[in-house]
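Chemist: Residues per chain are reported as follows:
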Amino acid sequence: MSTESKLSAALAAARAENRAALIGYLPAGFPSVDGGIKAVRALVEGGCDAVEIGLPHSDPVLDGPTIQTADDIALRGGIRIADVLRTVREVASAVDAPVLVMTYWNPVDHYGTERFAADLAAAGGAGCILPDLPVEESEEWRTAAAKHGLDTVFVVAPSNRDERLARITAVGSGFVYAAAVMGVTGTRTQVGHQAEDLVKRTRATTDLPVCVGLGVSTPDQAAEVAAFADGVIVGSAFVQRLLDAAGDEEAGLAAVRALASELAAGVRRR
Amino acid sequence: MSTDHHTPPQVPDARGYFGRFGGRFIPEALVAAVEQVADEYEKAKADPAFAAELDGLLKDYTGRPSALTDVRRFSELAGGARVLLKREDLNHTGSHKINNVLGQALLTRRMGKTRVIAETGAGQHGVATATACALFGLDCTIYMGEVDTQRQALNVARMRMLGAEVIAVKSGSRTLKDAINEAFRDWVANVDSTHYLFGTVAGPHPFPMMVRDFHRVIGIEARAQVLDRVGRLPDAVVACVGGGSNAMGIFHEFIPDSGVRLIGCEAAGEGVDTPRHAATLTKGSPGVLHGARSYMLQDEDGQTIESHSISAGLDYPGIGPEHSWLKDTGRAEYRPVTDDQAMQALLQLSRTEGIIPAIESAHALAGALELGRELGPDAVILVNLSGRGDKDMHTAAEYFGLLDDPGRDPGAPSDRAITTDADEKLGK
Ligand SMILES: Cc1ncc(COP(=O)(O)O)c(C=O)c1O
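Chains as they are written, first to last, in the working numbering: chain A, 64 to 333; chain B, 74 to 501.
Simulated from the structure, these hints should not be mistaken for laboratory data. Keep in mind that a hint or two might mislead.
Said to hold, decoys possible - Some but not every residue of chain A turned toward chain B, in silico, with C-beta under 7 Å:
| hint | residue |
| --- | --- |
| 1 | Ser121 |
| 2 | Val124 |
| 3 | Leu125 |
| 4 | Arg143 |
| 5 | Ile144 |
| 6 | Asn169 |
| 7 | Pro170 |
| 8 | Asp172 |
| 9 | His173 |
| 10 | Glu200 |
| 11 | Val218 |
| 12 | Val219 |
| 13 | Ala220 |
| 14 | Ser222 |
| 15 | Asn223 |
| 16 | Met245 |
What the hints assert, rightly or not - Selected chain A positions facing chain B (Cβ under 8 Å, derived; list incomplete):
| hint | residue |
| --- | --- |
| 17 | Asp122 |
| 18 | Gln131 |
| 19 | Trp168 |
| 20 | Leu196 |
| 21 | Pro197 |
| 22 | Glu199 |
| 23 | Arg227 |
| 24 | Ala242 |
| 25 | Gly246 |
| 26 | Val247 |
Idealized CB from N, CA, C, for every residue including glycine.
Chain B on its own, in the form it takes in the complex (with noise of 0.2 Å):
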């Protein structure tokens, strides 16, 4: 396997299209801002002082690079395949999402605005951009479903903490499709004024190409320490996909090279046979949401259907459209995880590692453990563990019934102790 050479494919073109997938479907009240987010964009690219202020954030601030883990426990689950942890839950905030929120608060400050707006889902691309407005000195407004309002209740109270308006969306399916929605009808009022920090790698030109650049970090270090490490390149890269900005930053630096599998688990919710699941990937098919072409879960009319996942993160039914065209070309395949396969996948890394990773990123965890029997004990597996689980305690706490009862004698022993197939294999 060759590992220099090492040129990864240019895409987007001018028009932002990856292929077929991609473009700029805005009104016109936002085709100036748009246009200005990607000179301003052209133009930190091009500057030195730029790139030295963002790595000087991510090194000290940030803390990267972020650690490569090798779980030797967890493989043993895996068929013994070795699995190592590209380690973005260990990032300042709990997750990948501000390595693209500090590029994207510096670009801010270049464009001499003054206010941020961004949607959030699990909430933790909220909290990174709270952190970076505290830390810019910048007004922050935070649209979020209402249903990830409570689900993910932890963060609201993080944002608010940091000084962030949290404004609870209650339109639609309430979940991050509709805090998109909000966030776009905020900015169209507001343009002057507001940069619309957007969390993934979705909506119109160039924040598809602009937020996998700012990630593309995750990649770049993981294939060097997967190197360094093993001495040689993984077999496969397994990522979660909600809009696809983790799993793009990971992928990136691999697309070129070919023996390496790129697999992006998107979440199946209650089983992709049933109605409530967001694999738009599997399920769904090309459409134009918030501002690109992508594949989308859509109905025959072309009205959007609402997803469904355990993982706030991953409940969207839209994605990347870089995404769209890495399942096209088949450089990338695209795997459902259900929320059972992931929460147990949650658990299992938590009993065997201590690491309790965040849902969105369980789902990637179960997708290596199927890849790992699939492949073997010779397989070497890279995934990225995009955040933490602190965040999802309350619905785990909930799934696996891991809180006593209020008036419960508190010394008792819980007589709901959890057990898992970990617990099992491990002879515990």
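The shape of chain A in the complex, shown without the other chains (with noise of 0.2 Å):
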């Protein structure tokens, strides 16, 4: 891309503060739409610096009991690509943080890959995170990505050896994801060992920030997260404050501003 993307100026923000970026995740429709419209503000308000809109989808494989409530809770309340790309909409023109949309493969490609991506840049989407595309399947997606501005977020994990860290590094754009651990998303009470692991590896094949998911919910996790990568994503831990809630709205949103708040203090810990 000839003009840095959003994306990647948010994260180059974090990096001039000396410091890892927060980036957190909430599904669209969660726990209604213009519930979930409020809830990822509350992300930005408690402080993420970008955040990731997730389109809930009929069969979340690649997400554990959280995220598969929520996305069911979304899907029962009728929610549709429209209303998803409505939140983006709602989200990017009341923030001046980067809106990312992490999607499974076939919603996007039912839709139209082209229609797509012209959709989300038109609604002030800054691109996507597709964990079921690899590589391979990804040049019809990532020619209009482009073409719309829009960056593809790739992810990394720890059982990928070092030529396919390269060969994905090489076409992702705005960062990478990597993955802690091998598993589905969900929260855990240690951060992979392999983590750091990977980061190291990753960044060994690219210039791109190297941010790190799965199983991060704490700001001690953040912290120690920081220490090591470029940023920290959280997405079951801020579900769950949501799920606690128990719909209660603003005690939802209060909590997800809460956490996020303590997270971007543990982004900063020294």
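Mind assembling these two chains? They're in different frames, but the hints should get you there.
Modeler: See the structure below:
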């Protein structure tokens, strides 16, 4: 990309402060479309540097029980792709932080690759994370994304060998999403020991920032990851706060905001 | 009709594509494991010791070759066409599933993995997997939708008897699709020790190709048996399709025989004009589910639509990519068969031949009855009888009212005696 993307700029700004970025995830439509929009805004108000909005899917194969439950609530509430795009639009127009969409491939494929990229860009989205679209199958998407100025963030895993890491990072943009552990989303008591090694090996292949997600949920874990990565990605812990609030919207938003600010302090710890 | 110079098509390509279908849509965490399976399978194919060991197991453990049975009384119900059954129900464990399971179990051992996971719908793939794990001393975990653990309870008991852990999956539609989701989640977390012994010709490359190859023995045997018995090739080969493994297994060898119609029977549930069916090829559209592009049941937003079938093994909103390709090229035809049609066929084969088929296989039998009436008495129809019906007695008993009410005098005659058009046609 000729000019620096919004996503790259946000990560560079964190780096300029000599700290890791904080990236928060919540699915759209959870607990409702409007409630979800407020919740994603609360992530930024609490201190997230960038946000990922999940597109709820009927078959969330890479998600643990927490996000499965949220997706289920969103789908039973009747969430449509149009609502996801509205969520992106309303959040992007209200905050400065870049807004990404995280989605399984089939909804994009079925909506139409070019159409999805165009509509996401028009809504003010900064890019996409497509965890079940490997590089080999990604060319059509990357072409459409580049045309519309969207970043494509690829996920790398501890099981990736160095040659494959190089192949993935060569075509990704924005940042690289390093999965801390082998497994699905969900909070974990320990950040996997594999994460630091994966960040090191990934950095050897690229200048892109490397952000770590999967299982990070507490300020201490955020601080631990911030010491070796360019960004910390938190999802299930936010979803859990909203589930715990059990329908009390104000309480849920306050809990999301509070966790975001604690995590934001975590990534600034020295 | 030419019967030699036999070369089935060389698909898929190196990326796992059958035309526009197939591929490998998987998370990075699984790429290394899936590549390992593909590499090991290529090595095994080139190793005569692998083929010899598998052949030995198929013969002495499974009981292959499976019989070919002329079903003359049943044929009368099929417009007089000559119906021949390929008896995969007579395999050890009671279905075709064991063919693929033994192949992949040997592969698991070659890869040095100690644990196997699998999904199961009807429980036949789960039972076959649990069986092979007992034989090879592997740890075994089977994922099964909660709905299926109830309607196929006998198979849950069999798997536990064999030492497998059976996990009832409570997410989504609580059927086969969700069992596959849960097995993938397990695999991502345990990929170092664990092989995912996938049970049908769907999933990411190389599974559609490899599972087909392990089932090709069905068609290779059957083609030779029919030639030997009848002196010519059949007019049609009929099989039920869930994910599509028994159908690919029997179809594959016949693909170059352009005069032989290949007919897959998919589950139409309560009817393809209702929302309650599993007729993926009749009503679906191309999309990506469980790692490959193929036809699938999906809504306008690419969300999977839940399927329905009385048969747990066909209750799946996806289908293997090679079937999608065979449909698009026109080489195979796919027909919907309703729950009621399948249950009638199940009863008819039981009453005319003394063979109780699985409800899955009964869909193929219903297709053969219809086809026979279309083709007339000169036709020869080969049907893959993919499994036996023991596991389905609970469902059949409910459907037909076969069991006496509890508390009733067991000696009293049943007041719900069933008659079928078979009984009438056969002058009972
Ligand atoms: C007896 C029998 N036939 C058919 C099937 C459907 O699977 P496939 O379409 O892969 O043959 C099953 C699956 O459980 C089965 O048990």
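Chemist: All hints, please: hold or fail.
Modeler: Hints versus structure:
no.: 1; hint: Ser121; in the structure: holds, 4 Å
no.: 2; hint: Val124; in the structure: holds, 5 Å
no.: 3; hint: Leu125; in the structure: holds, 6 Å
no.: 4; hint: Arg143; in the structure: holds, 6 Å
no.: 5; hint: Ile144; in the structure: holds, 5 Å
no.: 6; hint: Asn169; in the structure: holds, 4 Å
no.: 7; hint: Pro170; in the structure: holds, 4 Å
no.: 8; hint: Asp172; in the structure: holds, 6 Å
no.: 9; hint: His173; in the structure: holds, 3 Å
no.: 10; hint: Glu200; in the structure: holds, 6 Å
no.: 11; hint: Val218; in the structure: holds, 5 Å
no.: 12; hint: Val219; in the structure: holds, 6 Å
no.: 13; hint: Ala220; in the structure: holds, 4 Å
no.: 14; hint: Ser222; in the structure: holds, 4 Å
no.: 15; hint: Asn223; in the structure: holds, 6 Å
no.: 16; hint: Met245; in the structure: holds, 5 Å
no.: 17; hint: Asp122; in the structure: holds, 5 Å
no.: 18; hint: Gln131; in the structure: holds, 6 Å
no.: 19; hint: Trp168; in the structure: holds, 5 Å
no.: 20; hint: Leu196; in the structure: holds, 6 Å
no.: 21; hint: Pro197; in the structure: holds, 6 Å
no.: 22; hint: Glu199; in the structure: holds, 7 Å
no.: 23; hint: Arg227; in the structure: holds, 7 Å
no.: 24; hint: Ala242; in the structure: holds, 6 Å
no.: 25; hint: Gly246; in the structure: holds, 4 Å
no.: 26; hint: Val247; in the structure: holds, 5 Å
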